[in-house]
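Colleague: Here the structure of chain A is known, so what remains is to put chain B in place on it, guided by the hints.
Residues per chain are reported as follows:
Number of protein chains: 2
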Amino acid sequence: MKNIRLAFLGLGTVGGGAYEILQMNKDIIEERTGCTFQVTRVLEMNHDRLRQLGLDPEIAVTDPSLIYNADDVDIVIEALGGIDFPAEIMLKSLENGKHVVTPNKAAVAANFDKLWEAAGRGNAQFRFEASVGGGIPALTAIQEALAANEFTEVMGIVNGTTNYILTKMSEEGWTYDEALADAQAKGFAEQDPTSDVEGIDAANKLSILMSLCFGIYVHPDDIPREGITKITMDDIEEARSTECTIKLIAGAEKTEDGVKYEVAPRFIPNSHPLAGVKNEFNAIYVTGNAVDEVMFYGKGAGALPTGSAVVGDIIAIARDM
Amino acid sequence: MKNIRLAFLGLGTVGGGAYEILQMNKDIIEERTGCTFQVTRVLEMNHDRLRQLGLDPEIAVTDPSLIYNADDVDIVIEALGGIDFPAEIMLKSLENGKHVVTPNKAAVAANFDKLWEAAGRGNAQFRFEASVGGGIPALTAIQEALAANEFTEVMGIVNGTTNYILTKMSEEGWTYDEALADAQAKGFAEQDPTSDVEGIDAANKLSILMSLCFGIYVHPDDIPREGITKITMDDIEEARSTECTIKLIAGAEKTEDGVKYEVAPRFIPNSHPLAGVKNEFNAIYVTGNAVDEVMFYGKGAGALPTGSAVVGDIIAIARDM
Chain A
1 MKNIRLAFLG LGTVGGGAYE ILQMNKDIIE ERTGCTFQVT RVLEMNHDRL
51 RQLGLDPEIA VTDPSLIYNA DDVDIVIEAL GGIDFPAEIM LKSLENGKHV
101 VTPNKAAVAA NFDKLWEAAG RGNAQFRFEA SVGGGIPALT AIQEALAANE
151 FTEVMGIVNG TTNYILTKMS EEGWTYDEAL ADAQAKGFAE QDPTSDVEGI
201 DAANKLSILM SLCFGIYVHP DDIPREGITK ITMDDIEEAR STECTIKLIA
251 GAEKTEDGVK YEVAPRFIPN SHPLAGVKNE FNAIYVTGNA VDEVMFYGKG
301 AGALPTGSAV VGDIIAIARD M
Chain B
1 MKNIRLAFLG LGTVGGGAYE ILQMNKDIIE ERTGCTFQVT RVLEMNHDRL
51 RQLGLDPEIA VTDPSLIYNA DDVDIVIEAL GGIDFPAEIM LKSLENGKHV
101 VTPNKAAVAA NFDKLWEAAG RGNAQFRFEA SVGGGIPALT AIQEALAANE
151 FTEVMGIVNG TTNYILTKMS EEGWTYDEAL ADAQAKGFAE QDPTSDVEGI
201 DAANKLSILM SLCFGIYVHP DDIPREGITK ITMDDIEEAR STECTIKLIA
251 GAEKTEDGVK YEVAPRFIPN SHPLAGVKNE FNAIYVTGNA VDEVMFYGKG
301 AGALPTGSAV VGDIIAIARD M
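Here the protein sequences come in this chain order: A and B.
Counting along the first sequence from 1, when you hit position 151 you're at 151 in my numbering, and nothing is skipped either side.
Counting along the second sequence from 1, when you hit position 309 you're at 309 in my numbering, and nothing is skipped either side.
Keep in mind the hints are simulated off the structure, nothing from the lab.
It is possible that part of the hints are untrue.
Unchecked claim - Pairwise CB distance ranges (calculated):
{"#": "1", "chain 1": "A", "residue 1": "Glu171", "chain 2": "B", "residue 2": "Thr255", "range": "29 to 35 Å"}
{"#": "2", "chain 1": "A", "residue 1": "Met321", "chain 2": "B", "residue 2": "Met233", "range": "53 to 59 Å"}
{"#": "3", "chain 1": "B", "residue 1": "Asp222", "chain 2": "A", "residue 2": "Gly12", "range": "42 to 48 Å"}
Claimed, not checked - Okay, derived cross-link-like pairs now, DSSO-like style, lysine-lysine, Cα gap no bigger than 30 Å in a straight line:
{"#": "4", "chain 1": "A", "residue 1": "Lys114", "chain 2": "B", "residue 2": "Lys26"}
{"#": "5", "chain 1": "A", "residue 1": "Lys278", "chain 2": "B", "residue 2": "Lys254"}
{"#": "6", "chain 1": "B", "residue 1": "Lys186", "chain 2": "B", "residue 2": "Lys278"}
{"#": "7", "chain 1": "B", "residue 1": "Lys114", "chain 2": "A", "residue 2": "Lys26"}
{"#": "8", "chain 1": "B", "residue 1": "Lys2", "chain 2": "A", "residue 2": "Lys26"}
{"#": "9", "chain 1": "A", "residue 1": "Lys260", "chain 2": "A", "residue 2": "Lys278"}
{"#": "10", "chain 1": "A", "residue 1": "Lys230", "chain 2": "A", "residue 2": "Lys186"}
{"#": "11", "chain 1": "B", "residue 1": "Lys26", "chain 2": "A", "residue 2": "Lys254"}
{"#": "12", "chain 1": "B", "residue 1": "Lys278", "chain 2": "A", "residue 2": "Lys168"}
{"#": "13", "chain 1": "A", "residue 1": "Lys114", "chain 2": "B", "residue 2": "Lys2"}
{"#": "14", "chain 1": "B", "residue 1": "Lys278", "chain 2": "A", "residue 2": "Lys278"}
{"#": "15", "chain 1": "B", "residue 1": "Lys2", "chain 2": "A", "residue 2": "Lys278"}
{"#": "16", "chain 1": "B", "residue 1": "Lys168", "chain 2": "B", "residue 2": "Lys278"}
This one's a predicted model, so the numbers in the text were calculated from it and none came from an experiment.
Don't be surprised by glycine CBs; every beta carbon is placed ideally from N, CA and C.
Okay, chain A solo, but in the shape it has when bound:
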């Protein structure tokens, strides 16, 4: 069996979740790939976290060049968060011929073109399934199984926090403030919820979806966005009276004047499959000129669901190696 050497940048929720899956499902993953997986380096200051996961703190490094220049690393898993620092490490890793897997939507969206080109130059794979929709395997499907299609529209419910808040406002009659406080108490929302409720997180994901569906790169800062903070009970009631549900949609559509794109709340008819996507669930709804409409539904966050997508990417690379 071929031994694949992994370097983790960050072992927080998602990095740790991915490592946990590699342990939990070791036998089936080895059987399905014909490979063994070994963590040779980690960039993680918290040695207690390494011990907690059963990793030897000896493999921890503080200098990222010891990862992107290393001879004993095949795949770099970037799960640090942030934008510029992780992007720089990913770029150097790809240029050095190391495959890169990341769930970091902000870093991917802000640097998509550069990362994609670096992968080409380094003849390395750059995979980021976990960056949109967590565990939902939509990005791979768009790039591979649906590759026979010219895509005409993509609509995503790609932020679990805002979907949870809107669901509670619609179904329980809670105000925005009540629903946000509940989401924070349940750990679905950060104490500073700006990135979620103002649509910034969704704009990152829409940028990635557009790159894949339409082959155009739009920096997330250039995507018009409206969050959910101004939604009132009157809006919720108006949606209900027209047999609709309000959803925060990251949407892009091919038109005669080019691709139109926006993150904004929309009235979705209750007969539309996106209307039934509730609470913290995510869904990506794509229209292609051959397949017509397809929807992918599942958990957009969480250690193991998001880790599932990260390890799926690791497996795909291992099978190709």
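Modeller: For chain B alone, kept in the frame of chain A given last:
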């Protein structure tokens, strides 16, 4: 650009649909694969159909050995229908090192083990994304992007005809006979609807799903099944009164006593995402120990949706060649 040579067995709805997509989306498919695609042989008696699709009747053969023994065929697309005859051609093609793509669930389900082994012996790819859920890219996701998971349950609404009938009974108050007649008039149901309404078609698809999710092969004849012919308005009413919807579910679940499987109508709670899958739409709902629940939704039939999955498989093979 590498030229990939295709042989079509059958150019009916799905075979013709796949060929149509190769023409319609020629530029983007060439760009995404770096390959050109050329049909070098077809097994199709109807020369008018070839001319209608813009193919030269000169490439038609009546003897399948001229395809599975041919030097000028890389990928065989089997879209004949039937079981033994197409399975034999697929086996010989795979053994001869030709890649095979098929939407033919009955032939795949009845011969899964043999076809899989033949692919191994011939070092050829055997792909059948279109055999379950038409255009929905669930099978590839189960085998690839979700490969980090141990699967614990799979539930499919995988027959559009019965889902259409059940939807009309539930939402319009039609009787089974009225809904069936309407489905036949609209072309969703065959004049002899036995295979659909008795769950035979769904059992074929469940057999394939179990092979992929659980690595066990059960011949479709050995899958317990109950169709929808005995469902009455009383059943529909009882489901409604318990906030459920009746769906024909092709389901399998890992239990302590092994995998339990059955095709049968079930009461699905209205809060479950499968309850919202209406009319002729299909969905495959999978639970894995890492990703938790994931659902794939889309069109389970039709020339272009099913052709999308066939061409997706062709593209995957071309990228590997």
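Colleague: Take the hints in turn and mark each one as holding or not.
Modeller: Verification of the hints:
no.: 1; hint: Glu171/A <-> Thr255/B: 29 to 35 Å; in the structure: 33 Å, holds
no.: 2; hint: Met321/A <-> Met233/B: 53 to 59 Å; in the structure: 58 Å, holds
no.: 3; hint: Asp222/B <-> Gly12/A: 42 to 48 Å; in the structure: 47 Å, holds
no.: 4; hint: Lys114/A <-> Lys26/B; in the structure: 28 Å, holds
no.: 5; hint: Lys278/A <-> Lys254/B; in the structure: 27 Å, holds
no.: 6; hint: Lys186/B <-> Lys278/B; in the structure: 16 Å, holds
no.: 7; hint: Lys114/B <-> Lys26/A; in the structure: 28 Å, holds
no.: 8; hint: Lys2/B <-> Lys26/A; in the structure: 38 Å, violated
no.: 9; hint: Lys260/A <-> Lys278/A; in the structure: 26 Å, holds
no.: 10; hint: Lys230/A <-> Lys186/A; in the structure: 22 Å, holds
no.: 11; hint: Lys26/B <-> Lys254/A; in the structure: 19 Å, holds
no.: 12; hint: Lys278/B <-> Lys168/A; in the structure: 25 Å, holds
no.: 13; hint: Lys114/A <-> Lys2/B; in the structure: 28 Å, holds
no.: 14; hint: Lys278/B <-> Lys278/A; in the structure: 18 Å, holds
no.: 15; hint: Lys2/B <-> Lys278/A; in the structure: 46 Å, violated
no.: 16; hint: Lys168/B <-> Lys278/B; in the structure: 9 Å, holds
Checked against the numbered hints given earlier, this structure breaks hints 8 and 15; the rest are met.
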